[in-house]
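Peer 1: In case you want the letters, here they are:
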Amino acid sequence: MNDKLSRRGLLRLGALTAAGIAASPLLAACGNAGGAPAAKAQGLTVKLPTYTPLANALKADLPGTAAGVPDGFFTYPKQLIRAVPTPPLSGATITAATSTFLPPPPPRAQNPAWQEIEKRLGGKVELTIVAADDWQTKFNTMVAGNTLPDLFQYTAGQGVNNLPAFAASQCADLTALLSGDAIKAYPNLAAIPEIFWKQCIVGGRLYGLPIPRNLVGGMGFYRAEMFAEAGITDLAQITDADRLLEALKAVTDPDRGRWGVITATGGLFGLSIFAQLFGAPNGWRLDKATGKLTAGFETEEYKAAVEFVIKLREAGVIYPGSEGFDSLKRKNEFNSGKAAMTYDGLPAYLGPTGYLQTQKKIDPKADPRPITPFLPSAKAFLNNIVYAVNLVKKGDEAHVKDVLKVADFFSSPFGSEEYTLVNYGVEGTDHTRDAKGNPVLTEAGAKNTTVPWKYLGAPTQPIFDASSAEAVRIQHAAISKLIAVGVEDPTAGLYSPAHEGKFESLNTLRVDGLTSIIAGRRPMSHYDQVVKDWRAAGGDQARKEFEEVIAKG
Amino acid sequence: MERPSRIGLAAKAAILVTVTLLVIYPFVGVIGTSLSTETEIARSGGFVLFPTDLSFAAYDSIFDGGTVTRALAVSVLVTLVGTVASLLATIGLAYGTSRREVTGAKAILMIALFTMLFNPGIIANFLLVKEVGLLNSFGALILPSLVSAFNMVVLRSFFMGLPGELMESARMDGAGDLRILVRIVLPLSKAVLAVIALFYAVSYWNAFFNALLYLDDSEKFPLPLILRSFVLQGRTLESVGAAEAPAPVQAIQMAVLVVAVVPILLVYPFLQRYFTKGVLSGAIKG
Numbered sequence: 001m002n003d004k005l006s007r008r009g010l011l012r013l014g015a016l017t018a019a020g021i022a023a024s025p026l027l028a029a030c031g032n033a034g035g036a037p038a039a040k041a042q043g044l045t046v047k048l049p050t051y052t053p054l055a056n057a058l059k060a061d062l063p064g065t066a067a068g069v070p071d072g073f074f075t076y077p078k079q080l081i082r083a084v085p086t087p088p089l090s091g092a093t094i095t096a097a098t099s100t101f102l103p104p105p106p107p108r109a110q111n112p113a114w115q116e117i118e119k120r121l122g123g124k125v126e127l128t129i130v131a132a133d134d135w136q137t138k139f140n141t142m143v144a145g146n147t148l149p150d151l152f153q154y155t156a157g158q159g160v161n162n163l164p165a166f167a168a169s170q171c172a173d174l175t176a177l178l179s180g181d182a183i184k185a186y187p188n189l190a191a192i193p194e195i196f197w198k199q200c201i202v203g204g205r206l207y208g209l210p211i212p213r214n215l216v217g218g219m220g221f222y223r224a225e226m227f228a229e230a231g232i233t234d235l236a237q238i239t240d241a242d243r244l245l246e247a248l249k250a251v252t253d254p255d256r257g258r259w260g261v262i263t264a265t266g267g268l269f270g271l272s273i274f275a276q277l278f279g280a281p282n283g284w285r286l287d288k289a290t291g292k293l294t295a296g297f298e299t300e301e302y303k304a305a306v307e308f309v310i311k312l313r314e315a316g317v318i319y320p321g322s323e324g325f326d327s328l329k330r331k332n333e334f335n336s337g338k339a340a341m342t343y344d345g346l347p348a349y350l351g352p353t354g355y356l357q358t359q360k361k362i363d364p365k366a367d368p369r370p371i372t373p374f375l376p377s378a379k380a381f382l383n384n385i386v387y388a389v390n391l392v393k394k395g396d397e398a399h400v401k402d403v404l405k406v407a408d409f410f411s412s413p414f415g416s417e418e419y420t421l422v423n424y425g426v427e428g429t430d431h432t433r434d435a436k437g438n439p440v441l442t443e444a445g446a447k448n449t450t451v452p453w454k455y456l457g458a459p460t461q462p463i464f465d466a467s468s469a470e471a472v473r474i475q476h477a478a479i480s481k482l483i484a485v486g487v488e489d490p491t492a493g494l495y496s497p498a499h500e501g502k503f504e505s506l507n508t509l510r511v512d513g514l515t516s517i518i519a520g521r522r523p524m525s526h527y528d529q530v531v532k533d534w535r536a537a538g539g540d541q542a543r544k545e546f547e548e549v550i551a552k553g
Numbered sequence: 001m002e003r004p005s006r007i008g009l010a011a012k013a014a015i016l017v018t019v020t021l022l023v024i025y026p027f028v029g030v031i032g033t034s035l036s037t038e039t040e041i042a043r044s045g046g047f048v049l050f051p052t053d054l055s056f057a058a059y060d061s062i063f064d065g066g067t068v069t070r071a072l073a074v075s076v077l078v079t080l081v082g083t084v085a086s087l088l089a090t091i092g093l094a095y096g097t098s099r100r101e102v103t104g105a106k107a108i109l110m111i112a113l114f115t116m117l118f119n120p121g122i123i124a125n126f127l128l129v130k131e132v133g134l135l136n137s138f139g140a141l142i143l144p145s146l147v148s149a150f151n152m153v154v155l156r157s158f159f160m161g162l163p164g165e166l167m168e169s170a171r172m173d174g175a176g177d178l179r180i181l182v183r184i185v186l187p188l189s190k191a192v193l194a195v196i197a198l199f200y201a202v203s204y205w206n207a208f209f210n211a212l213l214y215l216d217d218s219e220k221f222p223l224p225l226i227l228r229s230f231v232l233q234g235r236t237l238e239s240v241g242a243a244e245a246p247a248p249v250q251a252i253q254m255a256v257l258v259v260a261v262v263p264i265l266l267v268y269p270f271l272q273r274y275f276t277k278g279v280l281s282g283a284i285k286g
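Taken in order, these protein sequences are the chains called A and B.
When the letters of the first sequence are read in order and numbered with our numbering, they come out as residues 1 to 553.
When the letters of the second sequence are read in order and numbered with our numbering, they come out as residues 1 to 286.
Not one of these hints is a red herring.
DSS-like, lysine-lysine: derived pairs with alpha carbons at most 25 Å apart:
1) A/LYS47 x A/LYS393
2) A/LYS454 x B/LYS220
3) A/LYS124 x B/LYS220
4) B/LYS130 x A/LYS394
5) A/LYS338 x A/LYS249
6) A/LYS138 x B/LYS130
7) A/LYS292 x A/LYS552
8) B/LYS220 x A/LYS119
9) A/LYS138 x B/LYS220
10) B/LYS130 x A/LYS124
11) A/LYS394 x A/LYS138
12) A/LYS329 x A/LYS249
13) A/LYS454 x A/LYS184
14) A/LYS552 x A/LYS288
15) A/LYS198 x A/LYS393
16) A/LYS124 x A/LYS454
17) A/LYS198 x A/LYS288
18) A/LYS198 x A/LYS502
19) A/LYS436 x A/LYS78
20) A/LYS454 x A/LYS59
21) A/LYS393 x B/LYS130
22) A/LYS329 x A/LYS361
23) A/LYS361 x A/LYS436
24) A/LYS502 x A/LYS292
Away from chain B, derived, C-beta distances all over 10 Å, residues of chain A:
25) TYR51
26) PRO88
27) SER169
28) GLU194
29) ASP253
No lab work stands behind these hints: they were computed from the structure.
Remember, it's a predicted structure, so these values are computed and weren't measured experimentally.
Don't be surprised by glycine CBs; every beta carbon is placed ideally from N, CA and C.
The whole structure should be built from the sequences, with the hints applied where relevant.
Peer 2: Here it is as structure tokens:
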């Protein structure tokens, strides 16, 4: 089970939906009330787009695999390929809305990268850029006010309670346009493997466009030099839970202001690391013989991980008070060497503000690395398959095709002129090439490239960090090892009204219950009660609906 | 009155100094961090009280990019125009409803008071703004919050407390309603007007929610919305997806905070002397 609160979870606006149903017939599609079409559990029935690798794809320094291990590159290609030879739009304007984690970019008029992208597109993209934390609020008003743009982002828990009905009433059904060989009209989209498209099925039809990620979110990070100081030069030396506890105790030294594990609010004291190491299932476990599902936290493995984290807290290994930190504070403290282990997603490792470069700046001896599966029981959650799925607003076919062409443009692969433009802007103004030919953003470029184009469409994600080939190797090896023991959520791509509708409340119930147990406010014997409450609150209903879909398919 | 003892005085001083330090500490920290280098910030865990190495790079960066300067201009414009428009509308409404001879004044007052108790909600407001064609315009930042019923009630109470004889004698001298308002009522109400102007100015300066809902074009974003995106950066809830968020340049975050706080902070000292007087005089009379 993903140990996370949805980042949009705190912005549930109940009153907003209630008012909206009265005010706008559109919202009928978004709530279970108000005469909406009955939501039915639905499975995968559609033919997925045929995976067609690009003919002129670059040769990687560390090649990817069919299982989903990405390509790794040590240097940026000098000769760029042109992925979209002719401008896909002929003067058309499309509208799009997406969230961003960055401050707003300089506007089009002062942004040469933006202008160049629109020149290459042959048309305009009117973008609504919303801070990630405000996305749910903005999305809800767009739905209620019937102001949805042509292309918009969708992530679970965004406030749509009946997704198939919403998609059917508001979104363009892309099945006929993209399924099977039809995808070949959009070569860059066709180069996205099937596992990503599985995330784009809604109500048995293809509605979405994936923003691919590296499949695994990872098990967090550790400071190799701190473990080495305690005599552990390789995590493989830790072969069972007791040794792990000993190792974390050994790196803990409150007198020096150093602890084994640091967490943040909603992070369940780093439980994600240990749930995966102990082999808990990703979301649900499916018994193929009986077709029965068990929720992740109903399993013994998960329970063992919770008990282990309690032991860590009791042993004083967890940074005291860090359960009240926000993620920035957690990052800061981990970066400054206050802890030897933390949970965070793999994308946080590389890049100029990633763990590696930041920690090296503070302490040249720092050696942060992604945790790889070292206990024999370890399983890695395939919980970062896509960043989000983009939906296309219903419209006439020609316009929908224009939108798809734009998504195809932004899905241009690493090393293409288009990818370079999106990520590094215009050469000379936004970036220059260093001695090895790697693009280096100028100060203006760092601002101009914050337009969130990469969330309108994206290729599969390569591993690239110009600063260090070693870092690319470490990340590539980590992802390879994680994918090798990767477990998919058996309900991925399936739809259960109860699961979708109660996503936030069920998650909150579970996280709050577990937090109180791990924090020591409740005894471990309360665990079964949390499970019982979760089942009664909709967990059992979701299970039943998923099981029905699995039985059919 | 009995003179306080030395111990009492010392205790008071100690408490006041402690409280003041507690209030000043984060401010100094924000300013200190905004003037630090990234390495120093990272080394000290994200908060620098007194930077060893002064760096103005963060301020250079935000004023250079155009995003913050433009947002600052938008905020100044919206605050100025909004405050003037709100004051005019509030004065008109408060004066009209404060005159007993105006027919329907009570009904209008009730309608205004109703909005204090019952809010139409986000969607209804959004649909209204959309229907009148204000989406994505600066008008959407001002018109939906043009009159605050609270401010109107304060002002009306103040107007009602003014001696009726003054207005009667003015009328006898041939003054019309407008002249009475402009020449007699308003000059007597400077204190309360200053306070209400401050209330409006602060609320326009700080408002981000209307901008979030009604504006799509980031070129039109006011400073609080930009500030929000800077400050929230990197602070999202823990999740795999949030690992996408690059760690922010914390000096820049703090510099934007300083830029957003200082202008409105500077207004306070000029209006301070009217503050207590204005609010109380409106509140207890009438």
